[in-house]
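K.L.:
The residues making up each chain are set out below.
Number of protein chains: 2
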Amino acid sequence: MHNRYAFVAGNTGAWRILTINTHRGAALATASSLDLVPAPDPISTPPGAWALHGLISNVRYATRSEVTALKAVQQPLGRPTADRAALIPLKKSQAWWDLAQDDRRAIFEETSRHTAIGLEYLPAIARQLFHCRDIGEPFDFLTWFEYAAEHASAFEDLVARLRSTLEWAYVERDIDIRLERT
Amino acid sequence: MHNRYAFVAGNTGAWRILTINTHRGAALATASSLDLVPAPDPISTPPGAWALHGLISNVRYATRSEVTALKAVQQPLGRPTADRAALIPLKKSQAWWDLAQDDRRAIFEETSRHTAIGLEYLPAIARQLFHCRDIGEPFDFLTWFEYAAEHASAFEDLVARLRSTLEWAYVERDIDIRLERT
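Going down the list, the sequences are from chains A and B.
Quick note: the first sequence, position 64, residue 64 per my numbering, numbers continuous.
Basically my numbering = 1-based index in the second sequence + 182.
Bound conformation, chain A alone:
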């Protein structure tokens, strides 16, 4: 399956782990390095290492005008200048998933302005969302960001704004891993 990937943490990898901050819920084991790799099947890891699996899927909330605005400015992963990254695995509550589509959309965008806020930080910050709730993973989403060191303070601003939204009232596990390209 071409849509499935894994973040593999251990002793080696393309990214050096700088910090792992547990904002909500149970922590993840510490590790020194991380790789993002295609992973059609579950990856088994040695003791002390871990792998989080996710898949790229269709948009779930964005409207046509939002998709158009995003596509006009968003950048791909892997830019040579983007030597900083963040992996933020998130799990939302059962209450969130029990909401109807219009209620989730209203919290996500009309109230919390998730896409609108994110747009302010493009093209500096490249993003990719991986879904994992439906495949038995411990998180619902693996959110991945790449940016240049000069945009590190803008990224701090972005995540602080998102964490202050009503949407985050439904986030029950939130771990923020910061990385630097090796």
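Keep in mind that the hints were calculated from the coordinates and are not lab data.
Please read all numbers here as calculations on a predicted model, not as lab measurements.
Possibly wrong hints are sitting among the right ones.
Said to hold, decoys possible - Restraint-style ranges between C-beta atoms, simulated for each label pair:
1) A/Pro40 x B/Thr201: 50 to 58 Å
2) B/Gln257 x A/Asp157: 48 to 56 Å
3) B/Ala334 x A/Ser164: 54 to 62 Å
4) A/Ala69 x B/Thr293: 21 to 29 Å
5) B/Leu200 x A/Pro46: 50 to 58 Å
6) B/Leu200 x A/Ala69: 32 to 40 Å
7) A/Gly78 x B/Leu200: 48 to 56 Å
8) B/Arg246 x A/Glu172: 18 to 26 Å
9) A/Ala106 x B/Ser275: 23 to 31 Å
Said to hold, decoys possible - Derived list of chain B stretches under chain A, where covered just means 3 residues or more per stretch with a C-beta under 8 Å from a C-beta of chain A:
10) 275 to 283
11) 313 to 319
12) 349 to 355
All C-beta atoms in this analysis are idealised placements derived from N, C-alpha and C, irrespective of residue type, glycine included.
Dock chain B against the given chain A, drawing on the hints supplied.
P.N.:
Same frame as chain A, now just chain B:
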């Protein structure tokens, strides 16, 4: 994983296959019986048999008022009186999945009235949707229906109405399997 199931076709099973009609796309191999079983992992089948995997997930289009209307009348699977069933695996086109959320919603409900039409046939027909696009399956959805023989003509009416909608312009594989409880 408690949300994952498989429809397994072969020589034995709780349901006898009456007909398999290929409406669009490639056919499935014929079989005499079918079972619906919890299947956390992929099931391997003997030659001539097949298994289709799917998972139960959150609603993707229904609004709060639609969810409330559905919950008020929908019936569970496994009713003793429901000795007929239909398994209709569906695959939609890439064009569908490339649409933004609001465009898919508008086609699904405001134009095609998918939920509104379905509601007319509740509580007679019990339904369960299984998602499978994101897990590397050949279909996007496995739709499952159970009803009493006396409601068989109502069910024919329901599927004919849905197949006549604009939404079905985005369906590229559609196989209709009818069954009777053994």
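K.L.:
Are the hints correct? Go through all of them and say.
P.N.:
Consistency of the hints with the structure:
| no. | hint | result |
| --- | --- | --- |
| 1 | A/Pro40 x B/Thr201: 50 to 58 Å | 35 Å, violated |
| 2 | B/Gln257 x A/Asp157: 48 to 56 Å | 51 Å, holds |
| 3 | B/Ala334 x A/Ser164: 54 to 62 Å | 55 Å, holds |
| 4 | A/Ala69 x B/Thr293: 21 to 29 Å | 24 Å, holds |
| 5 | B/Leu200 x A/Pro46: 50 to 58 Å | 52 Å, holds |
| 6 | B/Leu200 x A/Ala69: 32 to 40 Å | 50 Å, violated |
| 7 | A/Gly78 x B/Leu200: 48 to 56 Å | 53 Å, holds |
| 8 | B/Arg246 x A/Glu172: 18 to 26 Å | 22 Å, holds |
| 9 | A/Ala106 x B/Ser275: 23 to 31 Å | 29 Å, holds |
| 10 | 275 to 283 | holds (count 5) |
| 11 | 313 to 319 | holds (count 5) |
| 12 | 349 to 355 | violated (count 0) |
Of the numbered hints given earlier, the model fails hints 1, 6 and 12; all others are met.
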